[in-house]
Amino acid sequence: MGVDGRYPLLLAVWLLPLAGAIINWTFGPQLKSFAAWLGSAALGLAFVATVLSWSNGLGAGAHQSLGSWIPGFNFGLLLDPLSLLWALIITGVGFLIHVYSIGYMHGDKAIARFFAYMNFFVFAMLTLVLSDNFVGLLVGWGLVGLASYFLIGFWFFKPSAVAAARKAFVINVAGDVGIMFAIFAIVASVHSISFGDVFAFATAGHFSNTALFVICLGLFIGAAAKSAQVPLHTWLPDAMEGPTPVSALIHAATMVTAGVYLVARCAPLWSMNSNAQLLVGTIGALTALTGAILGCAQWDIKRILAYSTMSQIGYMIMGVGVGAYEGGVAHFFTHAFFKAQLFLAAGIVIHALSNEQDVRRMGGLRKKLPFAFYAILTGVLAISGIPGFSGFFSKDRVIFGALEHGHPIMSAVGILTAGITTYYMWRLLFVTFLGSYRGDVDPSDLGIRHPELAGQPLNAHDSHVSAGPEGHGFGVSQIPMYVPVGILMIPTVLIGLLMYGGENSPWNHFFAQEFPHPALAAPALNETMIGIITLVVVLIGIGIAYMRYATATAKQNAVERLRDESIHMPSVLTHAFYFDSALDLLFVRTTQLLGTFFGRVLDPHVIDGAVRESAISAQWLGALVRSFQTGLLRAYAFLFVLGVAAFVAYYALVSGGMH
Amino acid sequence: MAVPLINYISLSAVIFFIGMTGVIVRRNPLIMLMSIELMFNAANLLFMASARAWVNNAGHIFAFLVITVAAAEAAIGLAIVVTVFRTAKHVDVDDVALLKG
Amino acid sequence: MFWILALVLIASAIWCITAVKPVYSVVALLLHFAALAFTYITLNAEFLGVIQIIVYSGAILILFLFVIALLSSGVAPFTVGPDKLPRVAVPGIGVIVIALGFLTYAISRADAKVGAALAPPGTADVFGSVADFGKALFTTYLLPFEITALLLMVAVIGVIVLAGDQTPYLPSSKQAADVRRTMRESILRGGGE
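Chains as they are written, first to last, in my numbering: chain A, 47 to 705; chain B, 1028 to 1128; chain C, 17 to 209.
Derived from the structure by calculation, the hints contain no laboratory data.
Every residue gets a Cβ at the ideal spot worked out from N, C-alpha and C, and that includes glycine.
It is possible that part of the hints are untrue.
One-sided and incomplete, this derived list gives chain B residues near chain C with beta-carbon spacing under 7 Å [unchecked claim]:
no.	residue
1	Ile-1045
2	Ser-1062
3	Met-1066
4	Asn-1068
5	Ala-1070
6	Val-1093
7	Ala-1098
Computed far set for chain A versus chain B, every beta-carbon distance over 12 Å [to be verified]:
no.	residue
8	Gly-122
9	Val-181
10	Val-208
11	Ser-254
12	Phe-259
13	Ala-458
14	Ser-490
15	Ile-579
16	Val-634
17	Ala-661
18	Ser-663
19	Thr-676
20	Leu-678
Extracted from the complex, chain A is given alone in its bound form (with noise of 0.2 Å):
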């Protein structure tokens, strides 16, 4: 696959944020606060450098080798129109929040270790995207892990975060085993690790089926995990306690999406099997389904979108499974803008009011923050699919592409999905910008019980804000946010032309190469007419949100409702369906209890008893052969005499005796 030849720009592209990365980590007390503009640079030169390969990843694409480990094992980059896009969207979106993160984490102490990692994560994403072979790719996986694990836990003091950066690294540990096996499965059948090489002994029919769906089930395993698809998805919302950079870089635009990257790149293996489809499109679209009614039962701003982000990766995979591939990534192409906007439009909103997070305390503040209203409208327009936005065109094209290929029902729960996140997400923008503003009432009085774990200010973060909505004006650390939004805006709205006119658009011409097109009987509802359907019911979502929070009588007893809602919610959807507590009961108690078993109870017991056993054995046996030495000479003289008899019996008996 690719064109072979030495490409010193995909080469930069790779390296240039290792290198940002080895710099700020090796230097970082020295550079204080240029470290940020470092890593920031780093990154746009990569992103440039990603612009200036435009050409050589079209078509066929480029294929820079890296050398050869052992026959088989033969390590390269490839640039082909899918990688391409990957790197454009981790370059550049990744450029724009390292720039909103110069005046995010302005001032916090540790700021050149966040370039660092941040860096060291794009180098670990590029890696995943650009490598040509199915090793070079999970080591990117293992090291964005491995990166997520860094970022999460980055105030590492509090314990929260600690706690969240462990579970996320475990659960993604658990899918790379998954990963790992299907790679010993192709390396068993197929000999070599290369795309171009699995690929062509797939399409040719090579696998036997049930090998084929063993292969592609311990893929989806490690693309689940990293994914959050259900039911490894519990990581998601405990991720967002790393700051909202790391949330916005990571857990919505690029990390996440390496789990569609996967089943887009090896389309080839999925397209011959159609079980292992069926389990992927049904677990993208549960997963979307779960993630949107989990959404609606949020307070938390940030929990709000990382749900969202759930539950758009699973359209995003949903589409990828069904064979829906260029829809599929073409949603994942507006959600990386668009959510890297929501995102980054919160942070500015949290920063603005000292760390709160609770939408509950917020309220009214389209008056006193304008841009952050405007740029989360425009977020919220595009996820909620309104026409002419950018998210209207790929989320069509994933649930018209689940009908195309014969699974209405996903297409079904697409269209549902779709209404309930217009719903949440318009929430979430009435709550937070209507009405007036609440930071004022009492915190009990919304329905909140535990007011202290809400927006706690971090040690680490020298809070030079100013309590109030106000904020502190338009200082200095202020215009790094606010730049990377308001570019953030333009392709929110306008990238979904792109895939305007379906066959022939340019996506569609941009991938014609990429992907299988196998012939498909057309379905019986028209792409025109599933975009009514879907409009008709954004539009009662959108209605339904409007009842409950933004009418007049609402605002006014904003209060009362809030706190109806928090003390009425079902204990159902706070926590969460209970995955979190059955994956608890399932994994981490039967470990402990395992751990427990053998610290009490084989450890003491069998094993060092068995050593103590052989010990007191030995004494045992000491005392025994001790108690024939009683000294007395009437004992010695007796047991000589029961030696005579016994060499007399074995005379008598076995010799024959004397004749």
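For this one, chain A is given, so just place chains B and C on it according to the hints.
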């Protein structure tokens, strides 16, 4: 009259057993030595009887040698007893269990 | 005849080992040896019967009596407390009986009989006579005979070393006399303690 050899064998065995019991049960060293003499004599009896049964005077010779050795052994045993128990109040073999343990 | 002798032998043996006073044991043993000598004579072994009496009854038993006298010079009884079997003897007695039974059985598979017709005692050069014994001793079994002599010498030396006079060599006879007097007194006193 001809006595079957088995009678002499049994008699010898019984006397041997009596002597052995005496060695094990009695605590007086002198009685123990005397019991040992009994055992010697039981063996001698068997030698003599067998010599007569098979008309072979090797048995006589051997019995003679046994008597000699028994005498020497009795002498030395008594010397040991005298040495050990010369200054003891009670002559009890169980008191010299210095090899205990 | 055999049965009477057998009875005497067994009875005297039992009396020997069960007597309370050692002197009684010696007497029992004397009786035992006498019966044994008589048995030897009935078995046509006149020489050995006489030897039995001379050596065993006449020398060894006297030796025993001397030692009893030596060790009894104290006032205290010879042994205190009941004699009992050592613990370890309890299971083993049966084994020994069985072993002896085996030996008996093994030996008895010879169907020989004692007491077939032979020349009456006193005849020269017949089986069991002194001449016959002497001839065998000094020709066929000369080597054991000489070694036995050596053995006896070793026994005598051993006895002297073990139980002999432990007086160290002293330069003046007065000191030697002192030492001897002290030792005699200690013996007559009944041994230390």
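Going down the list of hints, with the structure as the test:
Annotation: interface hint on Ile-1045 of chain B holds; nearest CB of chain C at approximately 4 Å, less than 7 Å. Taking 7 Å as the C-beta cut-off, the interface hint given for Ser-1062 of chain B holds, the closest approach to chain C being about 6 Å. About 10 Å separates the beta-carbon of Met-1066 of chain B from the nearest beta-carbon of chain C, more than 7 Å, and the hint is not met. This hint holds: Asn-1068 of chain B has a C-beta 6 Å from the nearest C-beta of chain C, less than the 7 Å allowed.
At a threshold of 7 Å, the smallest CB-CB gap from Ala-1070 of chain B to chain C is about 11 Å, leaving the interface hint violated. About 10 Å separates the beta-carbon of Val-1093 of chain B from the nearest beta-carbon of chain C, more than 7 Å, and the hint is not met. Because the smallest distance between the Cβ of Ala-1098 of chain B and any Cβ of chain C comes to about 6 Å, under 7 Å, the interface hint for this residue holds. Against the 12 Å criterion, Gly-122 of chain A stays outside the reach of chain B, whose nearest CB is about 79 Å from its own CB.
Residue-level check passed: Val-181 of chain A sits 69 Å from the nearest beta carbon of chain B, beyond 12 Å. With a minimum CB-CB distance of about 62 Å to chain B, Val-208 of chain A clears the 12 Å threshold, and the non-interface call stands. Separation of Ser-254 of chain A from chain B is adequate, the least Cβ-Cβ distance of about 75 Å exceeding the 12 Å criterion. At roughly 74 Å, the least C-beta separation between Phe-259 of chain A and chain B is larger than 12 Å, which holds for a residue marked as non-interface.
Distance check on Ala-458 of chain A: its Cβ is at least 91 Å (rounded) from any Cβ of chain B, clearing the 12 Å threshold; non-interface status holds. With 12 Å as the threshold on Cβ separation, the claim that Ser-490 of chain A sits away from chain B holds: the shortest Cβ distance comes to roughly 80 Å. Interface exclusion of Ile-579 of chain A from chain B stands, the closest Cβ pair being 99 Å apart, more than 12 Å. Listed as outside the interface, Val-634 of chain A is consistent with that label: its C-beta sits roughly 57 Å from the nearest C-beta of chain B, beyond the 12 Å cut-off.
At roughly 20 Å from the closest C-beta of chain B, the C-beta of Ala-661 of chain A stays outside 12 Å, upholding its exclusion from the interface. Residue placement check: Ser-663 of chain A keeps its beta carbon more than 12 Å from all beta carbons of chain B (closest about 20 Å). Some Cβ of chain B comes within 12 Å of the Cβ of Thr-676 of chain A; the nearest lies about 6 Å off, and the non-interface call is violated. Once the 12 Å rule is applied to beta carbons, Leu-678 of chain A is inconsistent with being away from chain B; the minimum gap is 5 Å.
In this structure, the hints that do not hold are numbers 3, 5, 6, 19, 20, in rising order.
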